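K.L.:
Sequence:
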Amino acid sequence: MADRFTTLGITANKLASLSGVRECGEAVAAGTLEALSPTFVFLAAPREDTAIAEVIASSGLAAADFRRLESRLSKSSLWTMISRPQPLVIDELRSDLRLDFLAFSTRARRVAAVPVMFRGKCAGMLAAGFSDKEQFDESVTIETLAAFASLFAHSLRVEHAAGEERRKLTEENRRLKQEMRERFAVETIVGTSAPMRGVLDQIANVARSNVPVLLRGEHGTGKDLAAKAIHFSSLRSNRSFVKLDTATLGASYNKRDIFASADGGTLFIEDIADLPDGLQADLLAIISTPRSLKSELSTERLPNLRVIAATGRGNDTSVEMPVFERLSNFTISLPPLRDRGSDVLLLAEHFVAKYQKKLGKNILRISTPAIDMLTAYHYPGNVRELENVIEKAVAVCDGNVIHGRHLPPTLQTAEESGTEANVTLASAIAAFEKDLIQDALKSTRGNIARAASMLDSTERILGYKIKKYAIDARRFKR
Numbered sequence: 001m002a003d004r005f006t007t008l009g010i011t012a013n014k015l016a017s018l019s020g021v022r023e024c025g026e027a028v029a030a031g032t033l034e035a036l037s038p039t040f041v042f043l044a045a046p047r048e049d050t051a052i053a054e055v056i057a058s059s060g061l062a063a064a065d066f067r068r069l070e071s072r073l074s075k076s077s078l079w080t081m082i083s084r085p086q087p088l089v090i091d092e093l094r095s096d097l098r099l100d101f102l103a104f105s106t107r108a109r110r111v112a113a114v115p116v117m118f119r120g121k122c123a124g125m126l127a128a129g130f131s132d133k134e135q136f137d138e139s140v141t142i143e144t145l146a147a148f149a150s151l152f153a154h155s156l157r158v159e160h161a162a163g164e165e166r167r168k169l170t171e172e173n174r175r176l177k178q179e180m181r182e183r184f185a186v187e188t189i190v191g192t193s194a195p196m197r198g199v200l201d202q203i204a205n206v207a208r209s210n211v212p213v214l215l216r217g218e219h220g221t222g223k224d225l226a227a228k229a230i231h232f233s234s235l236r237s238n239r240s241f242v243k244l245d246t247a248t249l250g251a252s253y254n255k256r257d258i259f260a261s262a263d264g265g266t267l268f269i270e271d272i273a274d275l276p277d278g279l280q281a282d283l284l285a286i287i288s289t290p291r292s293l294k295s296e297l298s299t300e301r302l303p304n305l306r307v308i309a310a311t312g313r314g315n316d317t318s319v320e321m322p323v324f325e326r327l328s329n330f331t332i333s334l335p336p337l338r339d340r341g342s343d344v345l346l347l348a349e350h351f352v353a354k355y356q357k358k359l360g361k362n363i364l365r366i367s368t369p370a371i372d373m374l375t376a377y378h379y380p381g382n383v384r385e386l387e388n389v390i391e392k393a394v395a396v397c398d399g400n401v402i403h404g405r406h407l408p409p410t411l412q413t414a415e416e417s418g419t420e421a422n423v424t425l426a427s428a429i430a431a432f433e434k435d436l437i438q439d440a441l442k443s444t445r446g447n448i449a450r451a452a453s454m455l456d457s458t459e460r461i462l463g464y465k466i467k468k469y470a471i472d473a474r475r476f477k478r
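Per the numbering used here, the very first residue in the sequence shown carries number 1; after that it's consecutive.
Hint data in this document are derived by calculation from the structure and do not stem from the laboratory. Hints should not be assumed to be uniformly reliable.
Pair ranges (Cβ atoms, derived) [to be verified]:
no.: 1; residue 1: R183; residue 2: L235; range: 37 to 47 angstroms
no.: 2; residue 1: A194; residue 2: G360; range: 31 to 41 angstroms
no.: 3; residue 1: G399; residue 2: R208; range: 41 to 51 angstroms
no.: 4; residue 1: R208; residue 2: A449; range: 48 to 58 angstroms
no.: 5; residue 1: S453; residue 2: F432; range: 14 to 24 angstroms
no.: 6; residue 1: R338; residue 2: P409; range: 18 to 28 angstroms
Derived DSS-like pairs: lysine-lysine, alpha-carbon spacing no greater than 27 angstroms straight-line [to be verified]:
no.: 7; residue 1: K121; residue 2: K75
no.: 8; residue 1: K354; residue 2: K392
no.: 9; residue 1: K477; residue 2: K442
no.: 10; residue 1: K467; residue 2: K477
The model shown is predicted, which means the values in this text are computed figures rather than measured ones. Where is the CB? At the ideal position from N, CA and C, for every residue including glycine.
Full structure from sequences and hints, please.
P.N.:
Listed below in structure tokens is the structure:
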């Protein structure tokens with residue numbers, strides 16, 4: 001018999017480097033066998049949600065004995081330990097327990113067992129069988145078994161904590177993916193203009209397939225958002241969406257890492273026209289080869305990924321790249337913001353809601369003159385520029401309404417903002433007064449009497465002011 005305390009320490013060190021209930025159980029069984037030198041050792045626990053015994057680990061049992069043990073242990077008196085956790089010794093001389101030995105080994109004359117306690121309940125048992133040839137000290141045996149059972153209980157706690165952490169990570173991962181699906185769903189793209197309705201229809205139609213897609217459009221038109229909408233509406237939505245910025249690749253990129261990171265998911269290439277030559281041939285092979293043939297082509301497995309590429313070159317056909325031509329088979333052209341008409345106001349209101357929440361503001365609306373300025377501008381930077389405009393306007397807004405003065409100089413005219421050179425007090429007051437009147441008419445849907453009451457004025461005076469400032473009250477009745 002080895003020194004039991006030394007063996008206990010060695011087993012504890014082993015457990016520190018192991019993971020998994022069965023691996024830890026095998027180490028505990030082996031340590032117990034070495035410390036006590038019994039005929040056999042086994043570690044058993046109830047199967048999940050049942051009272052049936054399952055042998056997790058054993059040492060010293062022949063194959064036939066192991067099978068007999070697992071099939072009959074649940075019916076033996078030892079198994080009462082699960083409901084009444086306390087050490088137990090079974091002696092063959094006790095005739096009422098003689099049948100228990102049919103469940104173990106014909107070589108054993110005594111069996112000692114202790115409970116494995118986990119969270120205040122018996123989660124299993126550690127048992128050892130002894131023959132007549134072995135010295136049997138009941139107190140030493142029970143004490144040693146209890147020490148090894150405690151080691152296994154600690155392993156259970158560690159494994160349970162790790163499992164809880166894995167479960168939380170899995171749940172968090174699932175929640176984030178669901179959030180991404182909802183955030184980038186086709187339905188979340190803002191736009192009701194005719195050009196955008198066509199784009200949204202194309203995205204919805206192509207999303208569920210695996211065909212490569214080319215997104216054309218000026219910078220800032222939302223190609224990145226369209227790519228995410230395709231991915232998160234596809235059957236690959238639970239896998240990776242990898243964005244490849246060709247402008248930042250550099251000379252030391254690793255193409256295997258790029259493709260491996262997107263395997264099973266979607267690879268979005270920001271500007272396909274700038275793709276390095278070294279990546280073009282591989283990418284062409286991936287998007288041109290049917291999935292059924294990929295495993296037969298070479299010793300190196302081709303990744304299973306979908307390619308979405310973007311280009312800011314509009315309908316330019318001067319790009320001579322086989323991969324570009326292959327991607328051009330399904331093209332979605334995103335319209336510039338200047339061609340989207342009523343979408344400007346929808347997008348502006350969307351960005352106001354986004355940034356007032358982010359910046360802790362309470363913006364109720366955009367004033368009519370500010371709306372006129374926003375819709376009259378041509379936006380060379382497209383949606384991205386509009387978003388930047390609204391973010392800055394929300395940041396500098398000192399009230400509940402975004403006015404023309406909150407917009408950047410590029411959108412303002414002197415007359416609209418009251419900022420003409422050599423501005424006078426009268427002109428500044430006039431610009432402010434005109435702004436207030438238009439806001440009131442907007443709130444009352446063009447009802448002059450109600451607007452006058454709102455401004456604590458009379459209908460006659462307000463009518464005069466409307467005429468003075470050439471305001472068309474009828475436009476607010478729409």
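K.L.:
Which earlier hints turn out false for this structure, listed by number in ascending order?
P.N.:
1
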